[in-house]
Amino acid sequence: MEILWQLFIQGVVLSMVYLLIASGFSVIYGTTGHFHISHAGVFTLAGYVLYLLMESMGLPIWISLILAIVISAILGALIYLTLYRAVLSRNGTHLVLFIASLGLLTVIDNGIVAIFSPDPQTFTTSVEFNKVLMILGAPVTVIQLGMIIIGIVALLLLYVFMNRTKAGRMIKAASVNPDLSQIVGISLKKIHVICYAIGSALVAIPGFYFALDTGANSGKGVELVILAVMAVIMGGIRSLVGAWIASLFIGMFYNMSILWIPPHWQTSIIFFLFLIMIMVRPTGLFGQRA
Amino acid sequence: MILQLNGISKRFGGLQAVSNCSFTVEKGKVVALIGPNGAGKTTIFNLITGALKPDSGSIYFKGKDITNVQEHKRVHLGMARSFQDVRALTEMTVLENVILACPSRYAESPLLSLVRPNQVRKEESHNIKKVFEILEYVGLSDKKDKLAGDLSYAEQKLLILARLLATDAELLLLDEPASGLDPGSLRKFVELIRDLTNNNKTILIVEHNVSLVSEISDKMVFLHHGEALAEGKPDEVAKNEELRDIYFGA
Amino acid sequence: MELLIGFAILACIYIILASSLNILIGYTGIFSMAQAAVFGVGAYAAALLETKLTWGFIPSLIGAIVIAGVISAIMAFPSLGVSGDYFIVASFGLQMLIHTLFMNLDGLTNGPAGVQRIPRPEFFGYQLNSDIEYLILTILLTAIVLWFLVGISKTGFGRVLRAIKEDETVVQSLGKSAKRSKITVTVLSGCVAAVAGSIYANYVTYISPASFTIHESIFIAQLIILGGLGSWRGATIGTIILLGLPEVLKFLPISETYAAPLRQVFFGLLIIGFMILRPQGIFGTNMAKKIKIKDSNITAELGEGEKA
Numbered sequence: 069m070e071i072l073w074q075l076f077i078q079g080v081v082l083s084m085v086y087l088l089i090a091s092g093f094s095v096i097y098g099t100t101g102h103f104h105i106s107h108a109g110v111f112t113l114a115g116y117v118l119y120l121l122m123e124s125m126g127l128p129i130w131i132s133l134i135l136a137i138v139i140s141a142i143l144g145a146l147i148y149l150t151l152y153r154a155v156l157s158r159n160g161t162h163l164v165l166f167i168a169s170l171g172l173l174t175v176i177d178n179g180i181v182a183i184f185s186p187d188p189q190t191f192t193t194s195v196e197f198n199k200v201l202m203i204l205g206a207p208v209t210v211i212q213l214g215m216i217i218i219g220i221v222a223l224l225l226l227y228v229f230m231n232r233t234k235a236g237r238m239i240k241a242a243s244v245n246p247d248l249s250q251i252v253g254i255s256l257k258k259i260h261v262i263c264y265a266i267g268s269a270l271v272a273i274p275g276f277y278f279a280l281d282t283g284a285n286s287g288k289g290v291e292l293v294i295l296a297v298m299a300v301i302m303g304g305i306r307s308l309v310g311a312w313i314a315s316l317f318i319g320m321f322y323n324m325s326i327l328w329i330p331p332h333w334q335t336s337i338i339f340f341l342f343l344i345m346i347m348v349r350p351t352g353l354f355g356q357r358a
Numbered sequence: 006m007i008l009q010l011n012g013i014s015k016r017f018g019g020l021q022a023v024s025n026c027s028f029t030v031e032k033g034k035v036v037a038l039i040g041p042n043g044a045g046k047t048t049i050f051n052l053i054t055g056a057l058k059p060d061s062g063s064i065y066f067k068g069k070d071i072t073n074v075q076e077h078k079r080v081h082l083g084m085a086r087s088f089q090d091v092r093a094l095t096e097m098t099v100l101e102n103v104i105l106a107c108p109s110r111y112a113e114s115p116l117l118s119l120v121r122p123n124q125v126r127k128e129e130s131h132n133i134k135k136v137f138e139i140l141e142y143v144g145l146s147d148k149k150d151k152l153a154g155d156l157s158y159a160e161q162k163l164l165i166l167a168r169l170l171a172t173d174a175e176l177l178l179l180d181e182p183a184s185g186l187d188p189g190s191l192r193k194f195v196e197l198i199r200d201l202t203n204n205n206k207t208i209l210i211v212e213h214n215v216s217l218v219s220e221i222s223d224k225m226v227f228l229h230h231g232e233a234l235a236e237g238k239p240d241e242v243a244k245n246e247e248l249r250d251i252y253f254g255a
Numbered sequence: 020m021e022l023l024i025g026f027a028i029l030a031c032i033y034i035i036l037a038s039s040l041n042i043l044i045g046y047t048g049i050f051s052m053a054q055a056a057v058f059g060v061g062a063y064a065a066a067l068l069e070t071k072l073t074w075g076f077i078p079s080l081i082g083a084i085v086i087a088g089v090i091s092a093i094m095a096f097p098s099l100g101v102s103g104d105y106f107i108v109a110s111f112g113l114q115m116l117i118h119t120l121f122m123n124l125d126g127l128t129n130g131p132a133g134v135q136r137i138p139r140p141e142f143f144g145y146q147l148n149s150d151i152e153y154l155i156l157t158i159l160l161t162a163i164v165l166w167f168l169v170g171i172s173k174t175g176f177g178r179v180l181r182a183i184k185e186d187e188t189v190v191q192s193l194g195k196s197a198k199r200s201k202i203t204v205t206v207l208s209g210c211v212a213a214v215a216g217s218i219y220a221n222y223v224t225y226i227s228p229a230s231f232t233i234h235e236s237i238f239i240a241q242l243i244i245l246g247g248l249g250s251w252r253g254a255t256i257g258t259i260i261l262l263g264l265p266e267v268l269k270f271l272p273i274s275e276t277y278a279a280p281l282r283q284v285f286f287g288l289l290i291i292g293f294m295i296l297r298p299q300g301i302f303g304t305n306m307a308k309k310i311k312i313k314d315s316n317i318t319a320e321l322g323e324g325e326k327a
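Chains as they are written, first to last, in my numbering: chain U, 69 to 358; chain C, 6 to 255; chain H, 20 to 327.
No lab work stands behind these hints, which were simulated from the structure alone. From the three backbone atoms N, C-alpha and C, an ideal C-beta is built for every residue, glycine too. A few of these clues could be false.
[What the hints assert, rightly or not] One side only, chain C facing chain H, incomplete, derived with CB under 7 Å:
(1) 31
(2) 92
(3) 105
[Said to hold, decoys possible] If the Cβ cut is set under 7 Å, some of the chain H residues that face chain C in the computed set are:
(4) 141
(5) 144
(6) 148
(7) 193
(8) 194
(9) 195
[To be verified] With a straight-line Cα cutoff of 25 Å, these simulated SDA-like cross-link-like pairs (lysine to any residue) come out:
(10) 288(U) with 172(H)
(11) 173(H) with 98(C)
(12) 288(U) with 321(U)
(13) 148(C) with 133(H)
(14) 198(H) with 148(C)
(15) 240(U) with 132(C)
(16) 198(H) with 88(C)
Based on the sequences and whatever the hints tell you, model everything.
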């Protein structure tokens, strides 16, 4: 029973990672339609930004986290404002944008390796945050707990923002009908900037977690982002709650299934299930059929 | 009788697009499907060609039940359609657009084109000759090496007709073939249609221009809410007060 | 000289891979991000046939082609029903699924450790031990593959593929099974990638899952996109230029630890620059226009999903 509880807690941790990456991607993709694969690059950059703030500048962790979130949001918005707009303004299509985004990801991932070496950059200050707490007998590190709490707060804020504020409703309107929004005077550019900033702030949180947990490292983002994108598709595109349920499923499956399935097979099975799903129900579990 | 629809129904979610629709198309005739917007005309085309499967009912083509035959195989049986939005392959030449429509056994199979190169050459030259004749017939032969995207709208519509002829289909389903044509092209088009029926083709046409269809069709089928309300000679249907009210939204 | 021969062999391998994607992305518009996985299937199949069953080079090569073809056909199925962005994600998924299989099927693939001691090819008792001999064999195979692919692309089949890229519905309406053509071209592409895999396995004599990652798939796709989609000159000359350019960094006084990632940075910047200024790549002509048509499919696809 105890092992079950421990796996459950670890499942919650991993679910939160996917929840945040998937929500970030969903906010951007749902509104702009851009396949922003550099989401993975922002994920990586966030960890290194935190590293620079804490280790090189010696700032305390709370200030560093807040600053790093803001910087990540700005980075995301800048990617849109500079690169993507440059591509789109020259009559580039969404596929061209995707390829450019892949190129940017290559630059970010390898640029970091060239500057910091391929080795993970571990935080000297993180020792105290790796302290293990026990929750009803299940070990959880301070970092994990911190990510879960910050993550829940962030997702609640996102939900409230999207459903209760004027800006959020504008974003929803723009995602359903971009032309109409333009007519009623909502600037699409402004909405897209906001979406990139929000999405990048969300993906930064698991970025911090990975950096603090095992050291800032490059190249880990793509596979996480692809899995998160699968969660978005499984949940039904533009259904935030659907993406959340699918992320929870993936995170939980990874940990809970260890009881029945040898541990290194989880990834294979997740991909297999995804491919089966896309065959049977391409619009996602919670998306409506056309 | 070349085509027969027996009680065809199709539902999309909450919308009954086609309900218990029956009508027939006689060989060598021009039959027009008319009705107000949203009457289910294009859906019926999709059901006849097999792009959609009906929820109930059956479709007979040349005496054969084709309700469950795949879309591309129905073309082999002898029917072909055009699209409302033209859909020429704009990045390919006029010649390529039409030769693509020719039935092919060898040239389009990578395996056979490796082991039977002679057959392939024979087939291609036969098809090219045929395409030349068709292009001559519709009046596009001097444009054969142009990209389809560089043709004018009216020329693209002729190209689509050429493409349909290249399939060797006996039944041609034309979805608003005359929309957007200037009067000159329209005349030419009417002549082509007349000529086609003399050449053993049968035509099922969806068209909004009532005076045009009255002129070219032998029979009209009036659709409303996915149902065939009336079928008969053009002047009969056109004179029917009730139908006029529906059509013009009175 | 040795460096040059090594470069030439690798260039040939990448020319084959870029060509195998050219027929898929460039001609048919199937935007697959799983080519490294198929490449890997070919490499593993050849390596295992040679080491475990002690087959010769040619039988193993043929075996690898057949196996990769069959697996490509299986891979084609889940992704056939979807298009646009969904297809890209599905192919990423396939890439990662197959990569995990290389890692996990210990009994067959020997897991992360990979397959070692793959022999160099032997013909009638004569083993191609020197790299120059191996290069000649490689060039020969590359030439055959290119002759085959370019030939195929000029047949009626190639015409159907280009039509599918523009408008699948029209192809279907003209009595051609778009589905069958898509499966066929996926299988063809897989068979070709397997040739590259076999050459690679016999050249490096040791393969592991690390060579067939998602990053490798992205790299191969970027090669052909930069070279020019739909252009055979792009797949060949383009590949040589693109592989050669970053080699210049070798002559700068930078240690290999930095040179390798810097080459990638350079490559990424090249991609970005091209996508902004010349999305059709070096030798491509009008891809931007072609892709635009595809794009409307993507939007249509999204339109269906958005009602959630």
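Right, here's what the structure says about each hint:
no.	hint	result
1	31	24 Å, violated
2	92	5 Å, holds
3	105	5 Å, holds
4	141	29 Å, violated
5	144	32 Å, violated
6	148	34 Å, violated
7	193	5 Å, holds
8	194	3 Å, holds
9	195	6 Å, holds
10	288(U) with 172(H)	38 Å, violated
11	173(H) with 98(C)	14 Å, holds
12	288(U) with 321(U)	20 Å, holds
13	148(C) with 133(H)	58 Å, violated
14	198(H) with 148(C)	31 Å, violated
15	240(U) with 132(C)	53 Å, violated
16	198(H) with 88(C)	20 Å, holds
This entry does not satisfy hints 1, 4, 5, 6, 10, 13, 14, 15, going by the numbered hints stated previously.
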